[in-house]
Amino acid sequence: MSTPTETPPAAPTFDCRKAFAEEIIALAQEDPRIVAVCNDSVGSSNLTGFRDAFPDRLINVGIAEQDLVGVGAGLANGGMIPFVSAAAPFLTGRALEQIKADVAYSATHVLLCGQSPGMAYGELGPTHHSIEDLSWTRAIPGLRVLVPADPQETRAAVRYAVGNPGGYYIRIPRHAVPAVNPEGTGFELGRSVRLAGHSPGGEDVTVIAIGTLVSRALAAAETLRAEGISVRVINMSTVSPLDADAVLAAARETRGIVTAEEAIVSGGLGAAVASLVVQNQPVPMRLLGLTEFAPTGSTDFLLEHFGLTADGIVAAVREVLGHGGA
Amino acid sequence: MLTTDRATAEKYLATRKELADAPVEDVIAALTAMATQIRLWDLEMINRAKLGHIGGDFSVTDILTTLYGAVLNVDPTNPTDPERDRFILSKGHTAGALYSTLAYCGFFPQAELATFAQALSPLNGHPNRTKVPGVETNTGPLGHGFPVAVGHALAAKLQGSPRRTFVVMGDGEMQEGSNWEAAMTAAHYELSSVTAIIDRNRLQQGAGTEDTKTLEPFPDKLASFGFEVRDIPGHDFAALLLATQPSTTGKPVAVIANTVKGKGVSFMENRVEWHHKVPSDEQVTQAVQELTNA
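Chains A and B, in that order, give the protein sequences. Counting with my numbering, you get residues 1 to 326 for the letters of the first sequence. Counting with my numbering, you get residues 1 to 294 for the letters of the second sequence.
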């Protein structure tokens, strides 16, 4: 458990949901096949602007997630490109079999957009926390699981998914995040983004993070750099297919790996990285994430509670290096 | 992916053309012969594979025959034509009846039916659109086909296309909540191009539908959800031909096709155990006789 000493990041933060909304409107202006499908979530899926611009192309099936995903698959079958958008816990949990059978197994071009994942709905409690979504979606063969970490990457991921047919689950953060990727970074399926490290003496430990944890990993790297520990930070934008080359290079070239995700560790990013590492190049690992349902609290409180902070990442890096707890 | 049996497909298309202007008696005679052939192939497939869902296959065969024999705008030589009508078999466990029908139309060679359920065959126990031309979405788990059909009909509406969407569901399958979600969407969006056909054989895997979870008053339920309801005898080709005509009310259409599970074989008819039972050699001989002499 980390101590609450972390200072808030000074960098300006941006809203990925806004980036998502603007990008799909821009895409819809370019391509008449694009439609948005939602479950009474016009507001929470940030589709108000889309509805105003394209009233006929916003389909609201009401509170009915199984129908939502099936309708999305049918729209794709009819030659449209549907963004199927809903709160992440319900989109994935309620309609998981539709995601499997109608989207992934049927090989339809459907873009499932999980809004407000992780513990974004802090005080609303574990029914509304989407911590299992990565485990569930990653288990489905062929489904592409994208976790953009900042608005620029959100735009690039959405644009990539429109242009490359297949079934996607795109996890769109609710809370504003700082820009983490270098300007001009695009999106490539299965390719991660290496963000920090490259110290002359080599890098000591790798931190592989996604979504809201990437900026915290960068902050942790800064803290450790001051102590002479060099950290390679990887933004694993695609959880499935995983960037195996980057993971195995990290296992070869650094002394251990820490993964960090706002999700349950069983089956998520940590499990994905660990299963690859243990079968090819075993190194010490620490998996940061949830292991149980969250107690009551705000998102920030819960992230602290589970050690999903820069301090928590610092501590995990030290453990991997054998320095023990800080 | 299987590919078109061109000779069979061309014969099918020529027959469709002839029947389009033929007297209804001739259409019914052609459909009757087609249905018999489909049931015989299906029986042979299931007997060879030693698995399948023959009871539901035989109850749905006349519906499939009507659609592919006289109603659907599909072309086995161009199975992905964007302007084709869509047919979705939501009761995917009756894949055997669908495969036999698609082979009859030339979507793939009839010889492929011999591979049904064999290792690495494209003909899985439940249909797969990436392997079998003519299959529009992968089904098997119940309650999936109707939402997909609704989505397709929305696409057609947005595109201003006249193409139609048909989905066939089992009556037991209507116990799935997702179907009622889809029904509400179809009615709300006034998707009159959708025809949902319910194979009302009154039996599900374990028991009668009314003994398991009551569907009646079924026509009233569908009507109250905003459907134009057509309650018909489901093995009567004249009735099926009428019931598959476009909506007359601007509402989506629900056809309750009252059928007989195991239709055409005396020892299977209305018997719950024939949901997925494999006939013995003697039973196969008897079934062939009954189907051929009907």
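No lab work stands behind these hints: they were computed from the structure. All values derive from a computational prediction rather than experimental measurement. Where is the CB? At the ideal position from N, CA and C, for every residue including glycine. Be aware that a few hints might be false.
Derived, one-sided and incomplete: chain A residues facing chain B with beta-carbon distance under 10 Å [said to hold, decoys possible]:
| # | residue |
| --- | --- |
| 1 | D15 |
| 2 | A76 |
| 3 | A101 |
| 4 | L276 |
| 5 | V278 |
| 6 | Q279 |
| 7 | P282 |
| 8 | V283 |
So these bits of chain A aren't anywhere near chain B, every CB distance computed over 10 Å [to be verified]:
| # | residue |
| --- | --- |
| 9 | V35 |
| 10 | G79 |
| 11 | Y105 |
| 12 | Y121 |
| 13 | E203 |
| 14 | D245 |
| 15 | T296 |
Evaluated hints:
1. Look at D15 (chain A): its Cβ only gets to about 29 Å from chain B, farther than 10 Å, so that hint breaks.
2. The closest approach between the C-beta of A76 (chain A) and any C-beta of chain B is roughly 8 Å, which is under the 10 Å cut-off, so the hint is satisfied.
3. For A101 (chain A), the suggested interface contact is upheld, since its CB lies about 6 Å from the closest CB of chain B, less than 10 Å.
4. For L276 (chain A), the shortest C-beta to C-beta distance to chain B is roughly 27 Å, which exceeds 10 Å, and the interface hint is violated.
5. Below 10 Å, beta-carbon pairs count as interface contacts, and V278 (chain A) has none with chain B, the closest being about 31 Å; its hint is therefore violated.
6. A hinted interface residue such as Q279 (chain A) counts as satisfied when its beta carbon comes closer than 10 Å to some beta carbon of chain B; here the least separation is about 27 Å, so the hint is violated.
7. The beta carbon of P282 (chain A) is not positioned within 10 Å of any beta carbon in chain B (closest approach about 35 Å), and the interface hint is therefore violated.
8. Look at V283 (chain A): its Cβ only gets to about 38 Å from chain B, farther than 10 Å, so that hint breaks.
9. With 10 Å as the threshold on Cβ separation, the claim that V35 (chain A) sits away from chain B is violated: the shortest Cβ distance comes to roughly 7 Å.
10. The Cβ of G79 (chain A) does not lie farther than 10 Å from every Cβ of chain B; its closest approach is about 6 Å, which violates its non-interface assignment.
11. Interface exclusion of Y105 (chain A) from chain B breaks down, the closest Cβ pair being 5 Å apart, not more than 10 Å.
12. No beta-carbon of chain B is positioned within 10 Å of the beta-carbon of Y121 (chain A); the least distance is around 23 Å.
13. In this structure E203 (chain A) is separated from chain B by more than 10 Å, as the shortest Cβ-Cβ distance comes to about 43 Å.
14. With 10 Å as the threshold on Cβ separation, the claim that D245 (chain A) sits away from chain B holds: the shortest Cβ distance comes to roughly 28 Å.
15. Once the 10 Å rule is applied to beta carbons, T296 (chain A) is consistent with being away from chain B; the minimum gap is 31 Å.
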